[in-house]
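Colleague: Each chain, written out:
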Amino acid sequence: MTVWHVEAPVWTAYAAGTLDPAAEASVETHVAGCAECRAAARAYAAPAPGVWEAVQATITRPRLPRPLRPLRRLGIPEGDLVVIGASDAITVSWAVAVAGALASVLATTLAGVRQELAFLLLVPLVPVLSVVAAFDATDSLREVAEPTPVSKLRVALLRASAALAIAVPATAAIGFVVPGLGSLTSVWLLPSLGLVLAALVLHTWLDAWVAAGVVSAVWVGVVSSVHSELDTVTAQLLFAALAAALAVVLVLRTTTLKLGGAR
Amino acid sequence: MQTLADIDDTGLLALVAERDEAALRELVERHSAWLMLRLKRRTPDEDLAHEALHDTFVAVWRQPQAFRGDGDVGAWLWGIAIRQLISRLRKRAAPTPVADDVLTAAGPVVASAEDELLVAVAHGPVGDALKTLSPELVQALQATVIDGLTTKEAAALLGIPQGTVKSRVRIAKSRLREQLIGLEGLT
Numbered sequence: 001m002t003v004w005h006v007e008a009p010v011w012t013a014y015a016a017g018t019l020d021p022a023a024e025a026s027v028e029t030h031v032a033g034c035a036e037c038r039a040a041a042r043a044y045a046a047p048a049p050g051v052w053e054a055v056q057a058t059i060t061r062p063r064l065p066r067p068l069r070p071l072r073r074l075g076i077p078e079g080d081l082v083v084i085g086a087s088d089a090i091t092v093s094w095a096v097a098v099a100g101a102l103a104s105v106l107a108t109t110l111a112g113v114r115q116e117l118a119f120l121l122l123v124p125l126v127p128v129l130s131v132v133a134a135f136d137a138t139d140s141l142r143e144v145a146e147p148t149p150v151s152k153l154r155v156a157l158l159r160a161s162a163a164l165a166i167a168v169p170a171t172a173a174i175g176f177v178v179p180g181l182g183s184l185t186s187v188w189l190l191p192s193l194g195l196v197l198a199a200l201v202l203h204t205w206l207d208a209w210v211a212a213g214v215v216s217a218v219w220v221g222v223v224s225s226v227h228s229e230l231d232t233v234t235a236q237l238l239f240a241a242l243a244a245a246l247a248v249v250l251v252l253r254t255t256t257l258k259l260g261g262a263r
Numbered sequence: 264m265q266t267l268a269d270i271d272d273t274g275l276l277a278l279v280a281e282r283d284e285a286a287l288r289e290l291v292e293r294h295s296a297w298l299m300l301r302l303k304r305r306t307p308d309e310d311l312a313h314e315a316l317h318d319t320f321v322a323v324w325r326q327p328q329a330f331r332g333d334g335d336v337g338a339w340l341w342g343i344a345i346r347q348l349i350s351r352l353r354k355r356a357a358p359t360p361v362a363d364d365v366l367t368a369a370g371p372v373v374a375s376a377e378d379e380l381l382v383a384v385a386h387g388p389v390g391d392a393l394k395t396l397s398p399e400l401v402q403a404l405q406a407t408v409i410d411g412l413t414t415k416e417a418a419a420l421l422g423i424p425q426g427t428v429k430s431r432v433r434i435a436k437s438r439l440r441e442q443l444i445g446l447e448g449l450t
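From first to last, the protein sequence lines are chains A and B.
The first sequence begins at 1 in the numbering used here and counts up one residue at a time.
The second sequence begins at 264 in the numbering used here and counts up one residue at a time.
Just so you know, these hints were derived from the structure itself, not from any lab.
Accuracy of the hints is not assured; some may be wrong.
[Unchecked claim] Using C-beta positions, here's what the derived DEER-type ranges look like:
1. B:Asp269 to A:Ala99: 55 to 65 Å
2. B:Asp310 to A:Ala217: 55 to 65 Å
3. A:Arg154 to B:Arg353: 25 to 35 Å
4. A:Ala244 to B:Ala285: 51 to 61 Å
5. A:Thr58 to B:Gly422: 25 to 35 Å
6. A:Ala13 to B:Ser437: 24 to 34 Å
7. A:Ala99 to B:Ala268: 51 to 61 Å
8. A:Thr12 to B:Asp308: 18 to 28 Å
9. A:Ala244 to B:Arg282: 44 to 54 Å
10. A:Thr91 to B:Arg282: 23 to 33 Å
11. B:Lys415 to A:Ala241: 44 to 54 Å
12. B:Lys415 to A:Ala99: 42 to 52 Å
13. B:Arg282 to A:Thr12: 18 to 28 Å
C-beta atoms are modelled at their ideal positions from N, C-alpha and C, and glycine is treated no differently.
Based on the sequences and whatever the hints tell you, model everything.
Modeller: Structure, rendered in structure tokens:
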């Protein structure tokens with residue numbers, strides 16, 4: 001063992017930053033391995049109040065779910081990720097998206113000559129189901145939104161985006177997996193956007209799954225009556241206009257009223 | 264019943280691994296002061312030093328098993344602290360997640376037998392030679408040799424390109440070599 005220890009004047013000079021580089025290096029290298037000197041350092045460091053309290057606060061705070069952690073590195077604010085991660089339903093939502101996409105592939109393939117009809121019926125609803133799953137009753141939007149110092153619109157958009165981040169690519173992949181769909185692979189996007197927004201608007205009054213049911217029923221009605229017209233420019237513009245209008249309604253509903261609807 | 268104060272740092276880490284908050288608190292009390300002093304020698308920004316210190320103990324809590332049991336806990340802690348400081352410097356706005364590689368890469372471990380050598384260095388010809396180097400060259404040596412950082416980490420800490428770190432270390436070493444040869448008449 002060494003008998004050399006950092007002495008008082010050396011500590012003072014070190015803390016003030018006035019030691020020459022060689023002495024500074026030897027103080028540092030010694031102190032890192034000498035418990036006695038580390039204890040002595042307490043007399044020369046300006047007390048750093050609350051280090052333990054801050055550390056304790058951090059370690060007792062629940063951590064983000066593992067799948068969301070990489071997103072923080074991409075610069076998404078931690079607060080937003082907490083809102084997304086607050087629902088266990090987000091993983092359910094992603095599972096619904098993938099399962100829905102697979103089921104659509106199966107149904108579309110089995111539908112034979114009615115392939116296009118099956119595709120148009122099912123595929124736009126996959127994102128709706130996935131978003132709805134993200135707002136599922138076990139962790140309703142209302143319960144999150146009320147105690148959260150974040151606007152309800154922001155909560156709605158964050159969670160819908162998180163759901164769609166998986167649902168849209170999963171659904172889009174169907175167009176490439178199932179042969180012979182041609183132009184249909186992109187036709188569903190705008191209607192689906194409209195349906196998601198419609199479900200969210202309805203969710204301000206109704207339970208999430210009821211809202212999804214209403215939207216699905218309407219969509220089935222639309223497709224069964226006019227499915228051959230859906231890929232026309234007029235129809236697509238109409239859906240775009242509808243989506244824009246629903247977005248406005250959603251903003252109005254969520255900024256002025258409680259979101260979450262009746263129990 | 265022995266108290267936490269009687270347990271050495273390695274023992275405290277083992278308790279931390281068993282989710283003992285009191286053991287972590289004891290580590291914070293033992294190590295905050297010197298880590299803070301040393302962090303303040305690496306950055307003029309006191310808030311940043313505080314944040315790095317905080318991150319260090321959070322990292323210890325999350326992965327106490329990253330300490331492989333060889334060498335001193337103090338040296339390991341400094342290895343984490345300096346890398347947390349570098350992370351903070353890279354991205355000042357957001358809190359830095361603790362990457363596994365931060366913990367495993369941590370720490371030049373110093374045996375106490377090296378202390379005698381260091382005393383000799385500080386008060387001998389190497390110490391005198393170091394004094395003749397410019398502060399920039401000394402900083403580059405300090406980051407790479409004393410803190411054991413990689414060129415990339417040193418570049419982030421000092422805010423200069425990696426190539427500059429390399430060339431400064433090279434210049435500093437060759438100056439030291441020239442002076443030592445001059446002093447002792449070595450060939």
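Colleague: Run every hint past the structure and note whether it holds.
Modeller: Taking the hints in turn, this is what the structure says about them:
Separation of aspartate 269 (chain B) from alanine 99 (chain A) is about 57 Å and conforms to the stated range, judged on CB atoms against 55 to 65 Å. Take aspartate 310 (chain B) and alanine 217 (chain A): their Cβ atoms lie about 57 Å apart, and the range 55 to 65 Å holds. For the hinted restraint 25 to 35 Å between arginine 154 (chain A) and arginine 353 (chain B), the CB-CB distance of approximately 28 Å keeps it satisfied. In this structure the supplied range 51 to 61 Å holds for alanine 244 (chain A) paired with alanine 285 (chain B), their Cβ-Cβ distance being about 58 Å.
With their beta carbons about 27 Å apart, threonine 58 (chain A) and glycine 422 (chain B) fall inside the hinted range of 25 to 35 Å. Against the hinted window of 24 to 34 Å, the Cβ-Cβ separation of alanine 13 (chain A) and serine 437 (chain B) comes to about 29 Å, which satisfies the hint. Take alanine 99 (chain A) and alanine 268 (chain B): their Cβ atoms lie about 56 Å apart, and the range 51 to 61 Å holds. A hinted range of 18 to 28 Å holds for the C-beta pair threonine 12 (chain A) and aspartate 308 (chain B), which are about 22 Å apart.
Checked against the hint of 44 to 54 Å, the pair alanine 244 (chain A) and arginine 282 (chain B) passes, with Cβ atoms roughly 52 Å apart. Look at threonine 91 (chain A) against arginine 282 (chain B): about 26 Å separates their beta carbons, and that is inside 23 to 33 Å. At roughly 53 Å, the beta-carbon separation of lysine 415 (chain B) and alanine 241 (chain A) lies within the given 44 to 54 Å, and the hint holds. Taken as a hint, the range 42 to 52 Å holds for the pair lysine 415 (chain B) and alanine 99 (chain A), whose Cβ atoms sit roughly 44 Å apart.
For the pair arginine 282 (chain B) and threonine 12 (chain A), the beta carbons lie near 39 Å from each other, so the given range of 18 to 28 Å is not met.
Hint 13 from the list above is the single one not met by this structure.
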